[in-house]
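Engineer: One line per chain: the protein sequences are A and B, in this order.
Under the numbering used here, the residue at position 14 of the first sequence is numbered 14, and the numbers go up by one with no gaps.
Under the numbering used here, the residue at position 171 of the second sequence is numbered 171, and the numbers go up by one with no gaps.
Please note that the accuracy of each hint is not assured.
Claimed, not checked - Have a look at the derived ranges for each label pair, beta carbon to beta carbon:
1) 55(A) <-> 54(B): 52 to 60 Å
2) 172(B) <-> 95(A): 37 to 45 Å
3) 210(A) <-> 99(B): 51 to 59 Å
4) 83(A) <-> 91(B): 34 to 42 Å
5) 162(A) <-> 97(B): 30 to 38 Å
6) 202(B) <-> 149(A): 17 to 25 Å
7) 173(B) <-> 210(A): 18 to 26 Å
8) 109(A) <-> 102(B): 53 to 61 Å
Please keep in mind that the hints were generated in silico from the structure rather than gathered at the bench.
Cβ coordinates follow ideal geometry from the N, Cα and C atoms, glycine included.
There are 2 protein chains.
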Amino acid sequence: MRFIESLRWRYATKRMSGKKVPQEKVDIILEAARLAPSAGGLQPFNILVVKDPELLKKIQPIANNQPQITEASHLLIFAAWDDITDSHIDRVFDHINKERNHTSEAQEAYKNRIKASFASRTQEERFQTAARQTYIAFGIAIAAAAVEEVDSTPMEGFNNAELDKFLGLKEKGLRSVTLLALGYRDVENDKLASQKKVRRPKEELVIELN
Amino acid sequence: MRFIESLRWRYATKRMSGKKVPQEKVDIILEAARLAPSAGGLQPFNILVVKDPELLKKIQPIANNQPQITEASHLLIFAAWDDITDSHIDRVFDHINKERNHTSEAQEAYKNRIKASFASRTQEERFQTAARQTYIAFGIAIAAAAVEEVDSTPMEGFNNAELDKFLGLKEKGLRSVTLLALGYRDVENDKLASQKKVRRPKEELVIELN
Numbered sequence: 001m002r003f004i005e006s007l008r009w010r011y012a013t014k015r016m017s018g019k020k021v022p023q024e025k026v027d028i029i030l031e032a033a034r035l036a037p038s039a040g041g042l043q044p045f046n047i048l049v050v051k052d053p054e055l056l057k058k059i060q061p062i063a064n065n066q067p068q069i070t071e072a073s074h075l076l077i078f079a080a081w082d083d084i085t086d087s088h089i090d091r092v093f094d095h096i097n098k099e100r101n102h103t104s105e106a107q108e109a110y111k112n113r114i115k116a117s118f119a120s121r122t123q124e125e126r127f128q129t130a131a132r133q134t135y136i137a138f139g140i141a142i143a144a145a146a147v148e149e150v151d152s153t154p155m156e157g158f159n160n161a162e163l164d165k166f167l168g169l170k171e172k173g174l175r176s177v178t179l180l181a182l183g184y185r186d187v188e189n190d191k192l193a194s195q196k197k198v199r200r201p202k203e204e205l206v207i208e209l210n
Numbered sequence: 001m002r003f004i005e006s007l008r009w010r011y012a013t014k015r016m017s018g019k020k021v022p023q024e025k026v027d028i029i030l031e032a033a034r035l036a037p038s039a040g041g042l043q044p045f046n047i048l049v050v051k052d053p054e055l056l057k058k059i060q061p062i063a064n065n066q067p068q069i070t071e072a073s074h075l076l077i078f079a080a081w082d083d084i085t086d087s088h089i090d091r092v093f094d095h096i097n098k099e100r101n102h103t104s105e106a107q108e109a110y111k112n113r114i115k116a117s118f119a120s121r122t123q124e125e126r127f128q129t130a131a132r133q134t135y136i137a138f139g140i141a142i143a144a145a146a147v148e149e150v151d152s153t154p155m156e157g158f159n160n161a162e163l164d165k166f167l168g169l170k171e172k173g174l175r176s177v178t179l180l181a182l183g184y185r186d187v188e189n190d191k192l193a194s195q196k197k198v199r200r201p202k203e204e205l206v207i208e209l210n
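From just these sequences and the hints, can you work out the full model?
Structural biologist: Spelled out as structure tokens, the structure:
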């Protein structure tokens, strides 16, 4: 299936069948998210993967009792770093330099510019930057699921603070920002499955400046 | 090329050759962004497309004089709505209902829940929500470019307020959040072209909860 066709095929699945997604497909979706670009290459987030039905059942009330939570095969929790510190930045750059077996003055200067840039912001602003980077990976994961013909539901409608508490994310330096349920559409019970996909028209969305 | 291979092939291109990207490929990238999901289906953003070399030259100093701005074929400016109002929401839902030739009490109730949810936040919070949705489309556009074997540079390093002023975005109810230069890598002059792609290891990024 071509990429655009995959994106047309996908929709925010409201009811899933419970059928399991093969682990190799979940791994491809996670790998796509891992390959997503991020400011300064920091990838300031983690992805938590839940597939245990008992745990999903406990998460469901924190997510407005949405049925996909327990009908899904896997739930991906995208959690941004609650701060971006010098030690985070050092760790990422040390890893990059080690993998490339190379460092340079230019690379050091780049790292220091990034540190200075984040140091000039508040912690909340640094978290917001981390959250935005998380959304790039989230978008690419959604696309990867569609390419793999796996249904998915992007979900922002949940109690972030409660989920963070339940999963001990604060202690990990994380704040949940969005969820992606992975599974297969239940065509009979999902009214949205047969509805026309509607988007704002191109003429309204895209502005040609010349 | 398979999707994951496309994502491995892409990198944040630092130098471009000036070669033009065929319009049909630009259109595919824009269509991918248009198909991106968003909270409540609002798609609270616009994408401005710049290809005029003179205009790109004027934008370059606002974007840290990065060479890709003028070496690119097209520059996509992702700009989020500076607010999400009832009239925005009405317009989107009217369009959806018209396209589906259908409305329902459930759909009306859903619209009203979305309105109430946004009404309970500050304008800045509504803008932040709009910006995050913009990043989903941004991620999918980056992936689409890779699939089309078009190089791209995601760029947050620019003076948002100055760009908004230069392009009159405030008057349009928009705030620029990120840029995507589209073009072709200049392998000879781009040191990054030959460097190993490095990402945080999966074991560090992904946390299996069961």
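Engineer: Work down the list of hints and note, for each, if the structure agrees.
Structural biologist: Hints, verified against the model:
1. 55(A) <-> 54(B): 52 to 60 Å: holds (57 Å)
2. 172(B) <-> 95(A): 37 to 45 Å: holds (41 Å)
3. 210(A) <-> 99(B): 51 to 59 Å: The hinted range 51 to 59 Å is violated for residue 210(A) and residue 99(B), with Cβ atoms some 30 Å apart.
4. 83(A) <-> 91(B): 34 to 42 Å: 38 Å Cβ-Cβ, so the 34 to 42 Å window holds.
5. 162(A) <-> 97(B): 30 to 38 Å: Given range 30 to 38 Å: holds, Cβ gap about 33 Å.
6. 202(B) <-> 149(A): 17 to 25 Å: Between residue 202(B) and residue 149(A), where Cβ atoms are some 23 Å apart, the hint holds.
7. 173(B) <-> 210(A): 18 to 26 Å: Hint holds: Cβ distance 21 Å, inside 18 to 26 Å.
8. 109(A) <-> 102(B): 53 to 61 Å: holds (58 Å)
Hint compliance for this structure: hint 3 is the single one not met.
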